[in-house]
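Visitor: Below are the chains, spelled out letter by letter.
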Amino acid sequence: MELIKDDKFDSYNSPNSVGIVKTRYHTFAFPPDELALSSGKKLGPITIAYETYGVLNKNKSNAILVFHALSGDAHAAGYNTRNDKKPGWWDIMIGPQKPFNTEKYFVICANVIGGCKGSTGPSSINPLTGKSYGLSFPALSIKDMIVPQKILLDHLGIEKLLCIAGGSMGGMQVLQWLVTYPEASKGAMIIATAAVHSAQEIAFNSIGRYAIVSDPNWQNGNYYKESVKKPDIGLSIARMIGHITYLSEEAMHQKFGRNIINNKQRFTDALPDELKKTSEKKDLNRYKNNGTTDFTKEFEVESYLQYQGEIFIKRFDANSYLYITKAIDDFDITKGYENLADALKNVRAKCLVMSFTSDWLYPKEQSLKIVKALKINGIDTTYTNLEASYGHDSFLINDGRIKRIFTGFLKALEE
Amino acid sequence: MLKSFEIIGNWVEEESKILVLGCGNGELLKELQIRKKAKGSGIDIDEKKVFEAISNGLSVIQGDINDELSDYPKKFFNYVIAHDVIQIMNKPDLIIKQIVELGDKVIISFPNFAYFMIRFSILFSGRMPKTEIIPYEWYDTPNIHLFTIKDFREFCRKEHLNILDEYYTGFSKRAIPKLLRPNFLAEFAYFLISGGM
Numbered sequence: 000m001e002l003i004k005d006d007k008f009d010s011y012n013s014p015n016s017v018g019i020v021k022t023r024y025h026t027f028a029f030p031p032d033e034l035a036l037s038s039g040k041k042l043g044p045i046t047i048a049y050e051t052y053g054v055l056n057k058n059k060s061n062a063i064l065v066f067h068a069l070s071g072d073a074h075a076a077g078y079n080t081r082n083d084k085k086p087g088w089w090d091i092m093i094g095p096q097k098p099f100n101t102e103k104y105f106v107i108c109a110n111v112i113g114g115c116k117g118s119t120g121p122s123s124i125n126p127l128t129g130k131s132y133g134l135s136f137p138a139l140s141i142k143d144m145i146v147p148q149k150i151l152l153d154h155l156g157i158e159k160l161l162c163i164a165g166g167s168m169g170g171m172q173v174l175q176w177l178v179t180y181p182e183a184s185k186g187a188m189i190i191a192t193a194a195v196h197s198a199q200e201i202a203f204n205s206i207g208r209y210a211i212v213s214d215p216n217w218q219n220g221n222y223y224k225e226s227v228k229k230p231d232i233g234l235s236i237a238r239m240i241g242h243i244t245y246l247s248e249e250a251m252h253q254k255f256g257r258n259i260i261n262n263k264q265r266f267t268d269a270l271p272d273e274l275k276k277t278s279e280k281k282d283l284n285r286y287k288n289n290g291t292t293d294f295t296k297e298f299e300v301e302s303y304l305q306y307q308g309e310i311f312i313k314r315f316d317a318n319s320y321l322y323i324t325k326a327i328d329d330f331d332i333t334k335g336y337e338n339l340a341d342a343l344k345n346v347r348a349k350c351l352v353m354s355f356t357s358d359w360l361y362p363k364e365q366s367l368k369i370v371k372a373l374k375i376n377g378i379d380t381t382y383t384n385l386e387a388s389y390g391h392d393s394f395l396i397n398d399g400r401i402k403r404i405f406t407g408f409l410k411a412l413e414e
Numbered sequence: 000m001l002k003s004f005e006i007i008g009n010w011v012e013e014e015s016k017i018l019v020l021g022c023g024n025g026e027l028l029k030e031l032q033i034r035k036k037a038k039g040s041g042i043d044i045d046e047k048k049v050f051e052a053i054s055n056g057l058s059v060i061q062g063d064i065n066d067e068l069s070d071y072p073k074k075f076f077n078y079v080i081a082h083d084v085i086q087i088m089n090k091p092d093l094i095i096k097q098i099v100e101l102g103d104k105v106i107i108s109f110p111n112f113a114y115f116m117i118r119f120s121i122l123f124s125g126r127m128p129k130t131e132i133i134p135y136e137w138y139d140t141p142n143i144h145l146f147t148i149k150d151f152r153e154f155c156r157k158e159h160l161n162i163l164d165e166y167y168t169g170f171s172k173r174a175i176p177k178l179l180r181p182n183f184l185a186e187f188a189y190f191l192i193s194g195g196m
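Protein chains in written order, with numbering that gives the first Met the number 0: chain C, 0 to 414; chain A, 0 to 196.
For the record, the hints were derived by calculation from the structure and aren't laboratory data.
A couple of the hints might just be wrong.
To be verified - Heads up, simulated DSS-like pairs for lysine-lysine below, C-alpha to C-alpha not over 30 Å straight-line:
no.: 1; chain 1: A; residue 1: Lys96; chain 2: C; residue 2: Lys344
no.: 2; chain 1: A; residue 1: Lys38; chain 2: C; residue 2: Lys159
no.: 3; chain 1: C; residue 1: Lys368; chain 2: A; residue 2: Lys47
no.: 4; chain 1: C; residue 1: Lys410; chain 2: A; residue 2: Lys74
no.: 5; chain 1: A; residue 1: Lys73; chain 2: C; residue 2: Lys349
no.: 6; chain 1: C; residue 1: Lys185; chain 2: C; residue 2: Lys344
no.: 7; chain 1: A; residue 1: Lys29; chain 2: C; residue 2: Lys103
no.: 8; chain 1: A; residue 1: Lys47; chain 2: C; residue 2: Lys254
no.: 9; chain 1: C; residue 1: Lys402; chain 2: A; residue 2: Lys90
no.: 10; chain 1: C; residue 1: Lys363; chain 2: A; residue 2: Lys90
no.: 11; chain 1: C; residue 1: Lys103; chain 2: A; residue 2: Lys96
no.: 12; chain 1: A; residue 1: Lys177; chain 2: C; residue 2: Lys368
no.: 13; chain 1: A; residue 1: Lys73; chain 2: C; residue 2: Lys59
no.: 14; chain 1: A; residue 1: Lys96; chain 2: C; residue 2: Lys349
no.: 15; chain 1: A; residue 1: Lys157; chain 2: C; residue 2: Lys349
no.: 16; chain 1: C; residue 1: Lys410; chain 2: A; residue 2: Lys172
no.: 17; chain 1: C; residue 1: Lys368; chain 2: A; residue 2: Lys157
no.: 18; chain 1: A; residue 1: Lys16; chain 2: C; residue 2: Lys159
no.: 19; chain 1: C; residue 1: Lys185; chain 2: A; residue 2: Lys36
no.: 20; chain 1: A; residue 1: Lys48; chain 2: C; residue 2: Lys7
no.: 21; chain 1: A; residue 1: Lys48; chain 2: C; residue 2: Lys402
no.: 22; chain 1: C; residue 1: Lys410; chain 2: A; residue 2: Lys90
no.: 23; chain 1: C; residue 1: Lys57; chain 2: A; residue 2: Lys38
no.: 24; chain 1: C; residue 1: Lys349; chain 2: A; residue 2: Lys177
no.: 25; chain 1: A; residue 1: Lys38; chain 2: C; residue 2: Lys344
no.: 26; chain 1: A; residue 1: Lys16; chain 2: C; residue 2: Lys185
no.: 27; chain 1: C; residue 1: Lys349; chain 2: A; residue 2: Lys74
no.: 28; chain 1: C; residue 1: Lys59; chain 2: A; residue 2: Lys74
no.: 29; chain 1: C; residue 1: Lys185; chain 2: A; residue 2: Lys74
no.: 30; chain 1: C; residue 1: Lys185; chain 2: A; residue 2: Lys48
no.: 31; chain 1: A; residue 1: Lys149; chain 2: C; residue 2: Lys363
no.: 32; chain 1: C; residue 1: Lys334; chain 2: A; residue 2: Lys73
no.: 33; chain 1: A; residue 1: Lys48; chain 2: C; residue 2: Lys363
no.: 34; chain 1: C; residue 1: Lys368; chain 2: A; residue 2: Lys73
In this text, all values refer to a predicted model and were calculated from it rather than measured experimentally.
Next up, chain C with everything else stripped away, as it sits in the complex:
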C-alpha cells in the first residue's frame, strides 16, 4: 500500500524492525477433500502464503492474527530482501517495541485466497487443466477468506488467539471471524470498516471492475500467457479510483493543492525504467497531445494518481481485483440473521472499534452500528472516532495515538 504521507520506515537492520522475513506456504484441501466455499463450489488444493513475526510461547497464548485489506498481502512487516525499498504493509505497527510487539507476541499474517501474492487465486495454475484459473476460479466471500486462515492456525497448533486485527477489508475479516469462530480469539480490533457494505462503497468498487473488464486486454480474464498484454490500463484506473476513496479532501489539498507539474519531477519519473517506457505509450496519456487543444498541463494530483496506478499494475492481478472487490461488496454479516445484534450474539471477544473523522468511505456511522450491536449483546466494547486527517487509510499511517491505543488494548487483553 502506498501512502500519501511520506512515512519514514525502519530499515531492515533497525532494532525496531523484524528484519529480513521469509514468506511461507501451507497447502491443503487436496482432492478429494477440497474446501467447500460459501457458493457451494469446491476449491482445492489451496495454498496459503503467510508470514510470522516473533516467537510463539509455550502455552501458545500470545498469537495475533492480522488481516490485510484489499490490496495487501502476507508481507505485513520487515523486508523480504535487503534490497526492498519498503517494508511490509503494517511495519509501523509490527516489530520489536511496536504495538504488535514481536518481543512479546507471535504475529501472523496470511494472504487471502483469491489474491495474487502467493495464495491460491485466479492467477494460480488449476492443477486439473494445467492453466491459470482465470474466471473459472470460484466466486469468493469474506468467509471463504477466513476459513483457510483458521486451517493455517490449526496447522500451526494455535487454538485461541490473543487478538485478531484488521482495517477495511481486514476489519470485515475480523467481524466474520468473530461470528464464525467466536471462541477463537480473546480480543478483536475492528478498524475503519462496515458490517454491511454500503451502496456508495459498492458503487466505487463497481467502477473499478468496469474499468478492468472494459480494457480490451482483459479478454474475459484470459491474459496470463506470457506473450499476451495484460489489462493494465483498466487495473490502473481501478486503482486510481480506489486511491481517491482512501484519502481525504484535506490530505489531498495539503499534499497537492492545485499545483501544476512544470519543471518539477513527475511522480512517474520515480518509476523503474522498464515501467516508464511502457507508461509513456499508455493510452491514458493519448489525449494530451492531440494537436489542437493543450491538455499537456498536468496537475500534481493527476500525476500522483497515475503513479499509483502504474506501480499497482506491477504487483497486482486484475482478476484478483475483480474477485476480491466482489467479495467485499457482497459482505453483509447480517445475512441469515435478524439483524446485526443477532449476528453478533455469540461474540465473546473484547472488542476495539475504531473509525476516523476524515474517512468518508467507511464513515463513523458504520462503526457505530457495530458498537451498538456489541453493546446490545453486553460485549466489552471500546470505541473511538479518532481525529485523523488521512481518510480511510489513516490506520496505515504512522500515528502515535493509534499506536498507543493498540498497545493499551493488547496489554489489557493479557491481564
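Chain C is fixed; fit chain A onto it per the hints.
Guide: For chain A alone, kept in the frame of chain C given last:
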C-alpha cells in the same frame, strides 16, 4: 477526608460490573479496577480524554451519554456511576431513569447548589455564584441543570427511587454528617440509590 473515588469505592462491591458516565480519562475507572477488581466500562464524549483512557487499556466508548445508554441490556451492570455529570445533562431526569434500569444500584454525585457559601454569595454579591468546584462564568458553564440535595431527595421520592446511602462533603472536602443539615452545609453530595419496586 476521603477522595471522591474512595467515597464511591466504599459503596462498590469487589468484582462488580460497573459503568461510569462521563468517565473522562478514566481515572475513576482505573481506581475501581485496581482497588475493587471492578469490570468497568465508561462513556465520554471528549475524543482526547477517551484516547487517554483507552491507551490505558480501559474499555471506553466515545459518545454522547444522551445516546449511548439505550443499547445496554437491562440490569447489565451492578453499578452505574454518574459522578459530577448529572447537572450537565440536557435531560437529567431521563438519564437517571435510564441508569436505574441499567444498574442494580446507581451512584450519583453532584455539587449542592444550596451550599451556604453559594447562598451567601448570591445574597450578598447579587451575582451568579462561583466556587472552587463550580468556577464557571454564567455564560460558559457546563452546569445547565444545577440542583440541591433537597431537590434530589424530592426527585427520588417522586420517581420511587430508594436512597440506600448518602455521603456529604463540605468545606475543604470534610465529611458532613447526615444529621447536620447537609443541604446547608454540604458542598458536594453522593447518593447510592436503586430503582423502585
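Visitor: For this structure, which hints from the list above don't hold up?
Guide: Result: hints 9, 11, 12, 13, 15, 16, 17, 22, 24, 28 and 31 break, sorted rising.
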